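Chains as they are written, first to last, in the numbering used here: chain G, 33 to 341; chain E, 33 to 341; chain V, 33 to 341; chain L, 33 to 341.
Treat each hint with caution, since some may be false.
All copies of an identical chain are treated as equivalent in the list; a pair is satisfied when it fits inside any one copy or across any two copies.
Each computed DSS-like pair below joins lysine-lysine, with the alpha-carbon atoms no more than 25 Å apart [what the hints assert, rightly or not]:
#: 1; residue 1: Lys302; residue 2: Lys313
#: 2; residue 1: Lys195; residue 2: Lys40
#: 3; residue 1: Lys329; residue 2: Lys96
#: 4; residue 1: Lys40; residue 2: Lys287
#: 5; residue 1: Lys275; residue 2: Lys329
#: 6; residue 1: Lys275; residue 2: Lys287
#: 7; residue 1: Lys340; residue 2: Lys296
#: 8; residue 1: Lys258; residue 2: Lys154
#: 9; residue 1: Lys318; residue 2: Lys165
#: 10; residue 1: Lys96; residue 2: Lys200
#: 11; residue 1: Lys275; residue 2: Lys196
#: 12; residue 1: Lys332; residue 2: Lys96
#: 13; residue 1: Lys340; residue 2: Lys154
#: 14; residue 1: Lys261; residue 2: Lys296
#: 15; residue 1: Lys318; residue 2: Lys302
#: 16; residue 1: Lys329; residue 2: Lys296
#: 17; residue 1: Lys154; residue 2: Lys275
#: 18; residue 1: Lys261; residue 2: Lys287
#: 19; residue 1: Lys196; residue 2: Lys258
#: 20; residue 1: Lys318; residue 2: Lys168
#: 21; residue 1: Lys196; residue 2: Lys340
#: 22; residue 1: Lys287; residue 2: Lys96
Bear in mind the hints are in silico, worked out from the structure with no lab data behind them.
These numbers were taken from a predicted model, which means no experiment stands behind them.
The chain contents come next:
Number of protein chains: 4
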Amino acid sequence: METNKFEKIDKPSVDSLNSILGVPFPVLDDGFVRVIDYMGADESIVQAARVSYGKGTKKVSEDKALIRYLMRHDHTTPFEMCEIKLHVRVPMDCWRQWIRHRTANVNEYSTRYSLAIDSLQKTAPEQWRLQSKDNKQGSSDFADTALGVVLSEEEENLHNIIKKAYQKRIEMGIAREQARKDLLLSTYTEAYWKIDLHNLFHFLRLRMDPHAQVEIRSYAKVIGEKIVKEWCPIAWEAFEDYKLNSQYFSRREMKVLSFIQTNKNLSEIKTMLNELGFYLKHEPSKPSRELLEFENKLAKYNFIIPWKE
Amino acid sequence: METNKFEKIDKPSVDSLNSILGVPFPVLDDGFVRVIDYMGADESIVQAARVSYGKGTKKVSEDKALIRYLMRHDHTTPFEMCEIKLHVRVPMDCWRQWIRHRTANVNEYSTRYSLAIDSLQKTAPEQWRLQSKDNKQGSSDFADTALGVVLSEEEENLHNIIKKAYQKRIEMGIAREQARKDLLLSTYTEAYWKIDLHNLFHFLRLRMDPHAQVEIRSYAKVIGEKIVKEWCPIAWEAFEDYKLNSQYFSRREMKVLSFIQTNKNLSEIKTMLNELGFYLKHEPSKPSRELLEFENKLAKYNFIIPWKE
Amino acid sequence: METNKFEKIDKPSVDSLNSILGVPFPVLDDGFVRVIDYMGADESIVQAARVSYGKGTKKVSEDKALIRYLMRHDHTTPFEMCEIKLHVRVPMDCWRQWIRHRTANVNEYSTRYSLAIDSLQKTAPEQWRLQSKDNKQGSSDFADTALGVVLSEEEENLHNIIKKAYQKRIEMGIAREQARKDLLLSTYTEAYWKIDLHNLFHFLRLRMDPHAQVEIRSYAKVIGEKIVKEWCPIAWEAFEDYKLNSQYFSRREMKVLSFIQTNKNLSEIKTMLNELGFYLKHEPSKPSRELLEFENKLAKYNFIIPWKE
Amino acid sequence: METNKFEKIDKPSVDSLNSILGVPFPVLDDGFVRVIDYMGADESIVQAARVSYGKGTKKVSEDKALIRYLMRHDHTTPFEMCEIKLHVRVPMDCWRQWIRHRTANVNEYSTRYSLAIDSLQKTAPEQWRLQSKDNKQGSSDFADTALGVVLSEEEENLHNIIKKAYQKRIEMGIAREQARKDLLLSTYTEAYWKIDLHNLFHFLRLRMDPHAQVEIRSYAKVIGEKIVKEWCPIAWEAFEDYKLNSQYFSRREMKVLSFIQTNKNLSEIKTMLNELGFYLKHEPSKPSRELLEFENKLAKYNFIIPWKE
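For reference, chain G alone in the conformation it holds in the complex (with noise of 0.2 Å):
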C-alpha cells in the first residue's frame, strides 16, 4: 500500500445538495425539514470502503457495484463516513419518537430558557383517524367528516384554552420552565439534528415502513425521498432495494418454501407446518400469528399457498 503520495483531497460537494441548503421542506400543517449542513456523499463510501480494501479509486461503474456489495453484506461502516445536519420543526408529540434513535447528535429548542413556539399541530376535519381493530398500535380508516369537524372545532378550542392557560402563567412571572408543564403535546417543538448515514438509514427504515405512526412517516419520507435520495443517489438505491423494500423469511418459512418446490402432497405439508409450530399448540386447528403473516407474505408476491387452495 503507498501511503507517500497523497492526491489532493476536495471536500465532496453534491450540487444538488447545495442548491436546497437551508430550504425548508414542509410537513404536517407547520412542520418543515430542511438541511443545514453535510459531509462526504456517495464517493465518501467508496473512498472510506478503499481504505479497509487498501486500493485506490476506479470507475464509476465499480464504484456503484462497491456501494451496493457493501449495503447487501451490511458492511455497515463506510456509510457511517457520510454525515448530515437537519432543522427540523416537528410536534413535540412526534419528538418523542424520534428522540427514541439514540445515535444522532441533538439540540433542541429550549421552552426553559425561551417562550414555547406558538404553533400547535392542527387536524383537518378529513384526518382523523379511526382505532384498527386488529392492530393494536395502528390506525385504519379516517372518521367521518361530520365527526371529524366537531373534533377539529373542539382541538382548536383546547389549543386556544391551554394558550391562553401558558400566557397567563408567564404573565404573572412563573418560571418558564414550570409554565410549560401544561403544554399540549401537539405544540411545536424545533432541532438542529445531526447524523451518519448509516444510521440513518436506520431510522429511515423503521420510519419509513407502514407501521410507523403516519406523523413521524411524513418526516422520514421528505428526509429519504427528498434529501437522501439527492445526497448520496447511489447508496439511497442500494438501501431501497436492499433495505425498505427486501423481504426477509424465517428459517421456518424457508424450510417450508424449499419443501414445496419438490413436494406437492398436501398431508406431508401440513404435517410440516405443525411440527414446524405453524399451528397454535392448545388449538392445532388454528394458524399462529406466525402463519398468518407468512401467508400475507406469500400472496403479496404470487406465490401459491399450497394448504390454502
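Dock chains E, V and L against the given chain G, drawing on the hints supplied.
Chains E, V and L only, in chain G's frame:
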C-alpha cells in the same frame, strides 16, 4: 497472571438493596422510582479493575483506596461493570429531559398501544416558582400563595378539560396514536430504565446539580441517595467527593490564585486579571461573567479576593 | 394502568446458568469464555415489553409468542433489558475484530501495568488454511500437512524469539508500555466484556456467520450455543429462526421470484433480469456478482432457476 | 421565534483548514495524521446553541463569550455539531488504545483483505524508556545510549525475522487472515477516523494528558495543536482553559483549603486532615496517596502547605 485456576464465582448480592427491590420511592405528587434488578456491586468494580491490572483480590481497605483512585483519575470502565434497572413514573415534561441521556436502555409505556395513564402532575398553591431575573433558564422564589391558589385551581380545571377531550376522542373511536396528540406534558408516563453505574454517575452529576430543574432533581436525589448509596456505598462516597461536590478552577483562575499567593500588589493583580481577559474588552472596567463566577467560587470557600477589598 | 399495587420483585435466576457461573469454556488452544454475572432472563424481556404495553404478566405460552413477535418485528428494546458479563481470553489478533463492536463495556488486561500474558496462540500442522481464490477476505482448504509441519515449527521458533526479546527488554529495565511494542498479535489477552442481549445478538449474527473468520467464530459459537441458549432459551430460539438462519431477498429478487410464479416465458424472464440490472452493463451476457449470489440462494432452497435450465 | 424567514445557508468553510486538507502531519517515525473532511466550525457551535435558546446570530465578541460559557458549564451538545474525518497511520499497539474510544466512526485497513502494510515502528537508540518506579503504568528516564544501541539493533533484527516469516506464509499460499497472526504490534495500520468535536475534546483531554503513553500523546498533540486549533480556534482556546489545563479539587480538599484561609492553628488543621481521611487508617502518621496528590497540586500553584512547614 494465573488463569488456569478459577475461583468459584458468586453473583454479588447487596442485602440493603435486595430489601428494597420493587419498593417504590415516591417522587413529586404521583411519581416514583423503584429498583427492578441490578448486577454487580462495589466488589465488581474492584474485580474489573484487577483484571486490567492482572491481580487477585485483596483486603477491603485496599478495595476502598482502589475505587477512590479509579474515580479520582477518571478510570471509568470498571464502573461500567455495574448495571441497574429502574422502574420510573415521571411526568412527560420531565421525561423529555431524562431521555436526552443516550447511554441507557429504555422501555417506555406506549400511549399508542394503550390508553394514556390517567394521572397528571399537580402543583400545590405554595409550589409555583417565579422566573429568575438573572438566570434565563431558572426559577427563583415562590409566588405568593394568593396567586398560587388561583393558578392551582386553573391547573385542575385545565387537566379536567383535557382528560375529557381525550376520553371523548377515544369513545368516538379515534386511534389512540392520534387522540394523544393533545395530552398535556404534565401527564405521567412510566418506563423501565437500565444504565451502568458510570453513566448513571454522569446523569446524577448533571441532574443533582443546583442548576437542574427541581422536578428532575427530585428524581436524581432519590436515585442517588436512596438507591446508589445503598447499592455501591464506596463508589457513591468517592463520587460525592470527586465529582458531585468537587470544585474546578480554569487555567486562568489558577494563574491568578497562584500569583496572589506570593504577590499582594493590587495593581499588578489587576493588570494580570485584565491581560487574562477577565474584564470586558470593550468596557475594561466591567467584570466579565467569568470573573463574577470566579469571585463567587472564591467567596464560597472563604478565600480573600484582593481586587475586591 | 394500575401502578399502586406492586408485586414483590425477585431477581430472575437461571439455574442452568448459575451452574456454569465462572466455569471456563475452552476456545482455540488456550483461550476461554466464562460467565461472571448476568441480569435478567427470558421473563425480563416479557416484563419490559409489558411495561410498554401496559399489561400484567400472562401464561408461558403467550410469553413465548410475545418474545417471538418482538424478535420478528425488530422491537429490540426489551432485549436490551438483559445483560451479561463474560471473562474472555483471546488472541490479540481476534480481539482486534471483537473490540470493533462499540456497544459493550470492556475492561482489558493491561500490558502497560502488568507483564504480558505468557501465552501465544499456536497453530497445529493440520490447521493452516489456504487463501481463498474467489473470496479476497477468506480462506478455503487446509494446506497439506507436510507444509503445515514446517509452518508450525517456524511458528514455535518465532514465538520463542519474541518471548526472549520481550523478557530481555523487561530485564534491562525498559518500560512495559514500550517493551510490548514487539509482541505478536497471537499473544493472548484477557478482558471482562459486558453487553446487553440485543447487542449480543447483533454480535453473534455477524460473528457466527460463515464469512466471519474461523477464530472469532469459535468464540461466537461458544457464547451463543453454550451460554445464551442456556440463559434465554426462548429468545435464543427466536434469534435462530428470525435472524441467524433467516433468508432475505432484495426488492429486485422478489420481483423476479414473483414474476416467475406465473410467467414461464424464458425470454421475458431474461428481459426482466436485464432491466433490473442483473447483468453487467458493459457486458450484458455476463451475470453480475449480485445475480450469482441470487442463484446461490435459490439453489440452496431447491428453487428452480428457469434462466439456467 | 420566527421560523418562516430562512436566511440563506452556507456550509462553513475554514480557510486555514482547507489549505491543509489532505496534507499529512508526520508522527513517530512513519505515522501521520491528515484531515480528509470536516463539517462545521466555531460558528456552527454558536448556531446550534442559539437554536436551543431561540435566538438569532449576534456579534463575534458575543460568539466567543457564548462558546466559553458553553464549555465552562458542560453544555456539550453544541460541540457535537462539528465533525471531522481524519486519515491516520499508526502502529497497531497505539491503535489498540485509540480504538477504545467508542464514539467515533472507523474504517480500518484490513489485513484480512490485503497484505499487511510493510512498515513497523522503529525505536532510535536514544528513545528507549525505563520503567517508572513509582508509577506502575508509566515510564521515566531514557535508558543510556549504549543499551539503546543494542536494543535498536535487536529490534531491527526482530522486524526482519517477522517480515520474512510473514512473506513466506503468503508465498506458501496461506490465507492472509491467518498469516497475520504473527505480525508484531509495532506494525503500522491505517484508518479513517471520524468524530464530533465534543467527543474529540474528550479524547484529547485523556490522550494529551501527561499520564497518556508518549506514542498516542504524540498523535493527540498533532490533532489538537495542528488541526483543531486551526479548525475551531475559539472552542480550542476554551477547551485549553477549562478542560485541558484546569485544576480540580475534591470536596475534602476544598474543605481544607477553605479552613486554612482563616485558621492557622496547625494542630486543628492536622485534626481536620485526619478526620477527612487524609492519613492511612491503620498507620495514622502516614499520608495517603490522596494527600500526596493534594500536596503536589498545592506546590504546583505556590500554595503554602501549613502542615508541611
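| So which hints don't hold here, by number, going up? | 2, 4, 10, 11, 12, 13, 14, 17, 19, 21
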